[in-house]
Amino acid sequence: MEERLWEYIDGLGSHEEKSTIEKLVDTNQQWKEKYHELLELHQLVQASALEEPSLRFTKNVMEEIAKYQIAPATKTYINNRVIWGIGTFLVIMVVGFLIYGFGQMDLTGGGSSNLNLVDFSKIDYSKFFNNTYVNIFMMINVVLGLVLLDRYLDSKKKKFQQEA
Amino acid sequence: MSTGPSDTEIISQVLKGDHNAYAILVERYKSYVFTLTLRFTKNREDAEEVSQDIFVKAYRYLADFKGTAKFSTWLYTIVNTTCITFLRKKRLEVHSLDDERTFEVADSQDSGFQANQVEQKSRQNMVNQAIALLNPDDAEIITLFYKNEQSLEEIGQILGLEANTAKVRLHRARTRLREKMEKHFAEEVRDL
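Just so you know, the sequences run in chain order A and B. So that you can map any letter, position 30 of the first sequence is 30 in our numbering, and since no number is skipped, the others follow by simple counting. If you want our numbering, it's the position in the second sequence, counting the first as 1, plus 1000.
Fair warning: there could be bad hints in the mix.
What the hints assert, rightly or not - Straight-line C-alpha distance at most 25 angstroms; calculated DMTMM-like pairs for lysine to aspartate or glutamate: (1) B/Lys1180 <-> B/Glu1149; (2) A/Lys59 <-> B/Asp1053; (3) B/Lys1180 <-> A/Glu2; (4) A/Lys34 <-> A/Glu2; (5) B/Lys1180 <-> A/Asp106; (6) A/Lys59 <-> B/Glu1045; (7) A/Lys59 <-> B/Asp1064; (8) B/Lys1090 <-> B/Glu1049; (9) B/Lys1180 <-> A/Glu52; (10) B/Lys1070 <-> A/Glu51; (11) A/Lys59 <-> B/Glu1153; (12) A/Lys18 <-> A/Glu2; (13) B/Lys1057 <-> A/Glu51; (14) B/Lys1057 <-> A/Glu52.
Because the hints were derived from the structure by calculation, they are not lab data.
Full structure from sequences and hints, please.
In structure tokens form, the structure reads like this:
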């Protein structure tokens, strides 16, 4: 009941809800009493005064800010492209290693109950840089690196043209 | 909220180098910021210091204000984070003040609850005192809604909550405020 009444007092409910509450307040004594109780509190809090700081407050703030410079906007030194580039690189790294890992696993080990499914001593690390998946992964990274470099040089070029 | 140049106009003036224009913003929002800060610090001296710090921070990072929300909403976000940091630094116990023992602790603090002040209470003072008895979270949400003219969506933005969660928290805070008033200001409430 209280929650519905607060919504009504705050003017938040739908039109239908408002008319339902109005009817309840008009006809039901319990709802009427509760409504007046909450409304009184609402009006009291609304009418309460703000606290005031000392008279010198604004002067103190202005004296304090005189010591500082406005910092440049965050977006000017945090380049979203760089963040996205790093994120993409990390995702590709993780996916690449997962693919490589699964490629190395022998899943046809029979019905042995041995819990040690992957024998790390048997992984052939010499294949590490000869695996097709790794070559693909490295290729993607190189392409990504070139794209980022191109974007970086392009932005530098635009900046230089603007300054000129 | 006020007449004169809009907040956005003042901010662009300040960003263009007219630093004195910032005083208009300070004058406009000092009472709101101070009231909100006082809900956390429970002490006027600390509230004044923290409020000053908030305005300095807002000035330093003014270039980050994008104008997508109201300046007041952005400013109150700084109030919220600064006050939380203040409480952590001070290692104040943020207890609910629900039991009599904690009420006595609050009573002994420099929070305007001295006996002589209670004697002189007006309606407004009584409400402010009752709000000050709430825990900072409840006091903050009530102050933001009633005093600082923030909608539930804006309160959600300031506190990092969904608007619906903010609504539930406001409802609970008001229930607790009513309990505090009934408990500590029963006679005054009856006289109203």
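Hints, verified against the model:
1. B/Lys1180 <-> B/Glu1149: holds (23 angstroms)
2. A/Lys59 <-> B/Asp1053: The hint holds at about 13 angstroms.
3. B/Lys1180 <-> A/Glu2: Answer holds: B/Lys1180 to A/Glu2 is near 17 angstroms, not above 25 angstroms.
4. A/Lys34 <-> A/Glu2: Between A/Lys34 and A/Glu2 the Cα gap is close to 8 angstroms, so the pair holds against 25 angstroms.
5. B/Lys1180 <-> A/Asp106: violated (68 angstroms)
6. A/Lys59 <-> B/Glu1045: Answer holds: A/Lys59 to B/Glu1045 is near 16 angstroms, not above 25 angstroms.
7. A/Lys59 <-> B/Asp1064: holds (24 angstroms)
8. B/Lys1090 <-> B/Glu1049: holds (13 angstroms)
9. B/Lys1180 <-> A/Glu52: The hint holds at about 24 angstroms.
10. B/Lys1070 <-> A/Glu51: Status holds; Cα separation ~22 angstroms.
11. A/Lys59 <-> B/Glu1153: Violated: A/Lys59 and B/Glu1153 sit about 33 angstroms apart, past 25 angstroms.
12. A/Lys18 <-> A/Glu2: holds (14 angstroms)
13. B/Lys1057 <-> A/Glu51: holds (21 angstroms)
14. B/Lys1057 <-> A/Glu52: holds (20 angstroms)
Of the numbered hints listed earlier, those contradicted by the structure are 5, 11.
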